[in-house]
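Protein sequences, first through last, are from chains W and Y.
Each residue of the first sequence is one higher than the one before, starting from 370 at the first, in the numbering used here.
Each residue of the second sequence is one higher than the one before, starting from 370 at the first, in the numbering used here.
A few of these clues could be false.
What the hints assert, rightly or not - Calculated pairs, DSSO-like style, for lysine-lysine (alpha carbon to alpha carbon, straight line, at most 27 Å):
#1 K444/Y - K633/W
#2 K537/W - K576/Y
#3 K627/W - K650/Y
Simulated from the structure, these hints should not be mistaken for laboratory data.
Protein chains: 2
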Amino acid sequence: MFNKISIIGCGLIGSSILRAVEEKKLASKLSVFDKSSHVNSYLKKNFSSEVCSNISEAVIDSDLTIIASPLSSYKEILLSIKANLKKDSILTDTGSAKKEVNKIIKNISLDNIHWIASHPIAGTEYSGPEAGFSELFKNRWCILSTDKEVSKSKTSKLEEFWIKLGSKTKFMSFEDHDYVLSLTSHLPHAVAYSIVKTAINNEDKFKDDVIQYSAGGLRDFTRIAASDPLMWKDIFIDNSDNILKVLDNYSKNLDEIKNAIKNKDSKKLLEIFASTKKVRKEIIEAGQDTEKPDFGRK
Amino acid sequence: MFNKISIIGCGLIGSSILRAVEEKKLASKLSVFDKSSHVNSYLKKNFSSEVCSNISEAVIDSDLTIIASPLSSYKEILLSIKANLKKDSILTDTGSAKKEVNKIIKNISLDNIHWIASHPIAGTEYSGPEAGFSELFKNRWCILSTDKEVSKSKTSKLEEFWIKLGSKTKFMSFEDHDYVLSLTSHLPHAVAYSIVKTAINNEDKFKDDVIQYSAGGLRDFTRIAASDPLMWKDIFIDNSDNILKVLDNYSKNLDEIKNAIKNKDSKKLLEIFASTKKVRKEIIEAGQDTEKPDFGRK
């Protein structure tokens with residue numbers, strides 16, 4: 370599909386792309402770069418693709434360069450690879466926030482490079498190349514964002530790439546992406562961190578009990594709150610405007626419940642709970658979850 | 370195991386007990402009562418046990434009476450069955466809050482009845498007798514609470530009953546139960562309702578997008594926020610003291626994250642996220658969740 374693909378950053382996401390590209394033979398040549406020597410020796414041991422020790426060499430002659438590293442590393446990476454990016458090639462990423470990254474790329478003014486942002490909405494609570502697997506993107510959405518001037522043939526080519534990895538694709542502006550994701554993903558993460566921190570207070574004599582009985586709801590939050598700290602720190606900083614706005618709305622909704630509990634206001638509580646119950650139905654209908662009780666956990 | 374068992378209230382939990390008792394033949398006779406005529410006709414069609422139209426008759430001669438209806442219905446139920454409860458029999462329930470219920474029972478002063486509270490930590494987001502299944506309690510905790518004067522042989526008998534249903538049992542005081550559950554279950558539910566209400570604003574033009582991309586975190590909250598409204602309204606009112614205390618601590622932790630985002634304080638964010646990541650490991654080690662990415666969802 371491509372003559373050469375380069376992957377910069379080989380953690381959970383990068384190594385899953387690497388696995389899928391090798392398995393599905395989507396490139397004649399594949400080069401990977403990761404700044405960690407631990408990751409590099411793991412890659413050399415487990416994959417046949419070229420593992421580069423120099424980032425600027427990794428992208429030479431590449432038709433598709435994929436940045437799959439934390440958002441805060443983009444600027445340094447882009448400055449290191451800029452001179453060696455192949456003319457008329459595609460540059461993409463896998464980051465969870467887009468507006469700030471897009472600004473960085475515009476400021477660097479890449480010449481004759483087709484920048485199309487990708488956000489595969491896929492992941493687990495594990496990180497590192499050992500955690501990757503080729504089916505990670507299967508049946509998952511991948512949101513693509515680009516400026517109008519990028520050629521249609523290049524966006525179609527990148528779209529086709531994600532479809533080959535098993536994803537469903539959708540185009541969205543950089544701004545809309547960041548707002549929608551602040552609701553579907555960034556807000557839930559902020560909340561999950563707070564709830565786990567509240568529930569598991571190490572000085573509390575009930576700490577062991579809380580862990581023991583976590584199946585009553587808490588368990589589902591701990592998975593979210595176990596996501597890669599470095600990645601999430603970057604997302605919260607890059608998308609801070611949206612997240613802070615959304616958190617303010619959230620606090621108002623929480624206060625509404627708090628007041629209803631304080632006033633033992635049955636009617637209000639029932640009204641809130643009935644409205645959120647309806648949403649679940651819509652999510653099932655949109656094919657975004659299974660009906661199976663407890664997600665098929667054993 | 371028992372000569373006769375009575376189940377008052379036959380929704381998700383009651384009907385799952387009914388199924389398990391029939392399947393495992395834990396009683397020679399089983400009577401059920403539900404105030405809903407819809408439930409009654411479903412029960413008559415699908416089960417061989419006796420479906421009573423009169424609540425006080427349902428408990429006659431019963432060695433184990435199980436109340437599996439919303440907390441707010443207990444008082445009326447207890448007054449209706451009090452006179453017909455068999456002497457020296459066991460009375461239990463399946464409610465998610467204990468302290469207030471225990472007060473009600475003490476005030477009614479049942480004579481020669483062994484009141485032992487049960488809380489099977491099991492459930493799905495579905496309600497009604499159609500949603501029940503006999504394996505609901507398998508490998509789940511069931512917390513038992515009782516006063517010291519209740520005879521050891523009766524508590525052992527009830528413990529054995531839950532073990533036969535597949536549960537693991539643990540004894541906890543009424544007060545400790547309510548505090549631990551406010552952290553592991555009631556706080557997560559309050560938060561889930563608020564987050565779903567924030568994310569799915571029907572006037573927002575991005576509503577469909579939010580549902581479409583809910584796999585990024587939101588999805589997991591919608592399941593919790595879809596639980597039975599009536600049941601949760603009662604829990605929030607019965608356990609309001611603990612829940613309000615815990616919600617205050619939670620708001621403080623959320624403010625800490627908000628401020629770190631506002632100040633773009635990377636160090637603080639990393640510190641918070643690393644602390645919650647550790648908790649996940651402890652939950653896996655306690656056997657309370659599977660390592661499987663995405664809970665084995667398809």
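Results for each hint:
1. K444/Y - K633/W: The hint holds at about 17 Å.
2. K537/W - K576/Y: At roughly 19 Å apart (the allowed maximum being 27 Å), K576/Y and K537/W satisfy the hint.
3. K627/W - K650/Y: violated (31 Å)
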